[in-house]
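Listed here are the chains, written in short residue letters.
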Amino acid sequence: MTDPRIFDLPEADMAWCPGCGDFKILEALKKALADMDMAPEDVVVVSGIGQAAKTPHFMKCNFLNGLHGRALSHATGVKAANPKLTVVAIGGDGDMYGEGGNHFLHTVRRNPDIANFVYNNMVYGLTKGQASPTSPRGMVTPVQTRGVSSEPVNPLALAIVQGATFVARAFSGDVDHTAETMKAAIKHRGYALVDVFQPCVSFNKINTFKWFKDHTYRLGDEHDSSNRSAALALAMETERFPLGILYREEGRPTFEDSLGIYEKDDTPLHRRSPDVDKVRETIDSMA
Amino acid sequence: MASGKDLSVVICGGAGYGVQTVEDILAKVLKRSGYHVFATREYMSRVRGGNNSTEIRISSTPVDGMVDEIDLLVVLSPGVRENIRNRITKNTVIAADRSSVGEEFEKTDGALFDVALGEMAKEAGGAVYANVIAAGLVLGITDASTDQAEEYFRSRFGKKGDKVVDENRSACGKGLELGRDMAEKFPDLAPPEKDDTSSRRVMNGVQAVSLGAIAGGCDFVTAYPMSPATGVLAFAAQNASEFGLAVEQVEDEISAINMAVGASYAGASPMVTTSGGGFSLMYEGFSLAGVAETPLVAHLAQRPGPATGMATRTEQGDLNLAVHAGHGEFPRLVLAPGTIEEAYSLTARAFEIAHRYQVQSIVMTDQYLLNTFRDVDPDDLTAAKPDKCLVTSGPGYRRYEDVPNGVSPRSVPGLGKEIVGCDSHEHDEEGHVFEDFDLRVRMSDKRFRKGELLKEDFVPADIRGPENWTRLVLCWGSTGPIVSEALKDLELSDTALMRIRQIWPVAEDVVAAVERADELIFVEGNHDGQLENLIRSVTGRSAQGHLRNYCGLQFSVEQVRMGLSEILG
Ligand SMILES: Cc1ncc(C[n+]2csc(CCOP(=O)(O)OP(=O)(O)O)c2C)c(N)n1
Ligand code: SF4
Chain A
1 MTDPRIFDLP EADMAWCPGC GDFKILEALK KALADMDMAP EDVVVVSGIG QAAKTPHFMK
61 CNFLNGLHGR ALSHATGVKA ANPKLTVVAI GGDGDMYGEG GNHFLHTVRR NPDIANFVYN
121 NMVYGLTKGQ ASPTSPRGMV TPVQTRGVSS EPVNPLALAI VQGATFVARA FSGDVDHTAE
181 TMKAAIKHRG YALVDVFQPC VSFNKINTFK WFKDHTYRLG DEHDSSNRSA ALALAMETER
241 FPLGILYREE GRPTFEDSLG IYEKDDTPLH RRSPDVDKVR ETIDSMA
Chain B
1 MASGKDLSVV ICGGAGYGVQ TVEDILAKVL KRSGYHVFAT REYMSRVRGG NNSTEIRISS
61 TPVDGMVDEI DLLVVLSPGV RENIRNRITK NTVIAADRSS VGEEFEKTDG ALFDVALGEM
121 AKEAGGAVYA NVIAAGLVLG ITDASTDQAE EYFRSRFGKK GDKVVDENRS ACGKGLELGR
181 DMAEKFPDLA PPEKDDTSSR RVMNGVQAVS LGAIAGGCDF VTAYPMSPAT GVLAFAAQNA
241 SEFGLAVEQV EDEISAINMA VGASYAGASP MVTTSGGGFS LMYEGFSLAG VAETPLVAHL
301 AQRPGPATGM ATRTEQGDLN LAVHAGHGEF PRLVLAPGTI EEAYSLTARA FEIAHRYQVQ
361 SIVMTDQYLL NTFRDVDPDD LTAAKPDKCL VTSGPGYRRY EDVPNGVSPR SVPGLGKEIV
421 GCDSHEHDEE GHVFEDFDLR VRMSDKRFRK GELLKEDFVP ADIRGPENWT RLVLCWGSTG
481 PIVSEALKDL ELSDTALMRI RQIWPVAEDV VAAVERADEL IFVEGNHDGQ LENLIRSVTG
541 RSAQGHLRNY CGLQFSVEQV RMGLSEILG
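Sequence order for the protein chains is A and B.
Per my numbering, the first sequence runs over residues 1 to 287.
Per my numbering, the second sequence runs over residues 1 to 569.
Isolated chain A (complex conformation) (with noise of 0.2 Å):
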């Protein structure tokens, strides 16, 4: 097993405020990637905007860090030029769900190989403290001044009935517990959420840590993660949230698979030269 301090990034200017759930995130992070023996170099954080889609500017490894809401496509784009690299898609609930939304809900049908972290702090954090699209409803913001009158988007339901591969849920205060999930995702041949909830300790005053303590219960063994709808179902419980690997299924092609190129022939895109005489002949065997 690698010392997760492969991962340390020491000149990072860490710019999480002190006791932000981000850093046991970043902490599960480095130690699922280091259990699986793997390397920096190995590895593409890819990001879009917000505290959370800072990750990659404090670890040491290969790294987009984007535009807002659209790690998704970015990081599919990466993966379908080298499906040799490990892809991780990383940001917070707004960046995914509200900004991303649409690509949200692409992704998940196209299911590239990616593993998709999102950290979930009902709130946007680095625009101090807007209602974001999970933000509970009456939550009272300076801009949602009545209270948040929308319902809040359930994204595992979501991915789930989209029929996403891999769906799971985990808390930032378990960081054993999000690192074993984060590597069940990224062992997961196509696309995989896991939702990790996070208390944002500047903006959200309701989702605190022990909020998301005393409303989250660990998923037990008797719960068969094959089974879809025992899955939606779990998904849908919004007293208690079930946390763990609520859906799984394998074997279906990834989006990688159906582009046909790596068929026979498992090269990434860099290393191929294009066959430009088959250019020639196509011309010649015009009218």
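Think of the hints as simulated: they come from the structure by calculation, not from any bench.
In this text the structure is predicted, and so the values were computed from the model without any measurement.
Treat the hints loosely; a few may be bogus.
Unchecked claim - Covered, in the sense of this in silico footprint (three residues per stretch, anywhere, with C-beta under 8 Å from a C-beta of chain A), are these stretches of chain B:
(1) 243 to 250
(2) 417 to 428
(3) 497 to 503
Just so it is clear, CB atoms sit at the ideal spot from N, CA and C, and this is done for glycine as well.
Let chain A serve as the given structure and place chain B with the ligands on it in line with the hints.
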């Protein structure tokens, strides 16, 4: 009337009447019979009905532009629209089935030749053959080879069985006879002479852009369908396995460009293909590619705007959109091919430059160019050998190394043992976000040094005219060949034509030519004079005159000829 060198044929019919098939038959059979062919299509945004047309110029020398004059109008269904009817003159011969079109052509100038297309189609095997008969009719007027027509039907329908081939052949044969009759009745409708066109190939704009991209090393295509750019997406999808292309129709243009940026970061050579509306949605991702220095090519196929504008029509209204694409400042390359050959070569060039300088290229076409086909000399389709210009990362590798020419050594994850970073923020050499005002200036300067290279390593403008010209006519993109033909007709001893192929950055040759000219005249397909404004902003020179067209249809040669002679008095 054509001089015997050139016959202009227009075929009209509702969507679903097979105008496109006629186009295809004529292009292939005529070219193989030794004629030069040029064709351009205009169509309504309808899946069924309406009335569309294609103009085919059959010629003894290569032609490359749309004309108003119609020597022969073939009508497949009633309801020919004003834009075609206006072009009928007393020299036009109209071939139509009177039982179907009724009085439609009673009051027009042209001479009607009544052909029982419907009846004959039924005899040939069904109403669907009317278009094949029409194709035969045109072939019959010329000296087209009947063997080539046979060969065409065999190769096109052979898989569907002998019956289909025979029915098509017989329908075409009936048309051929009719055509021969007609040629006798209208002795002025002389077919052009033949040439040796055997080494030439018939290609349309969509094929030229797509094949040029592949020749340039494109291996990744993402798009969301939007006319007129969709053809390139379809070509890529249909030829994906042949050429090893990753192709995806994504959920929207936002995803298209962001996926392309991700792919480029990981070592692909991506292209997005879209129209103005879609490209507007791509601005943010385009800007990301700019700061991240990920090479990519955007094919921007113009149609009239604002917003949805005219979905199936043509315009040159997006020059500003391309030149100013993205927020913030970063260098980019904007190329505008004017011919089929250039659609191929400049698209390949867009990839070459994107990789050489790690910039973003925009290739600007339009509906007219994409839906135009013509016979071309394959030797004129040129492309440099693709090179992604990648390096293997070694110890101490830094993606955004601040090197003198601004082009940092580019590696990708998995090529070498080192880390490769990529960031949308202003970043340090490793790609990490780092808020430092000096660093910001340094990095911005680094990126803009690449912009200087784009000015030096430029695609020259095409300047043609008499040695001692004093007046310069300027145009860009698909209007080029049309203006060229119009100017040839005008035979002006003091006027040259400059077709600007590299729109941005404006290169020295353009500046020098503009400075040398006493008089500048711009011809462009938009309302605002976008090229004219751009040239003024760069050179300070104002135009003495301009000709603009923004009705949704391409200029015709006659329109430009008349417009220019009016301007020149
Ligand atoms: C297109 C665009 N719109 C808005 C923003 C501003 N913005 C930055 S982060 C953010 C919200 C982040 O919230 P979330 O994804 O929940 O992440 P957190 O900061 O809570 O980790 C917003 C709106 C942006 N960067 N880009
Ligand atoms: S704003 Fe909230 S989520 Fe962001 S770092 Fe601070 S505590 Fe964490």
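So, going through the hints one by one against the coordinates:
| no. | hint | in the structure |
| --- | --- | --- |
| 1 | 243 to 250 | holds (count 7) |
| 2 | 417 to 428 | holds (count 9) |
| 3 | 497 to 503 | violated (count 0) |
Violated hint for the displayed structure: number 3, the only one.
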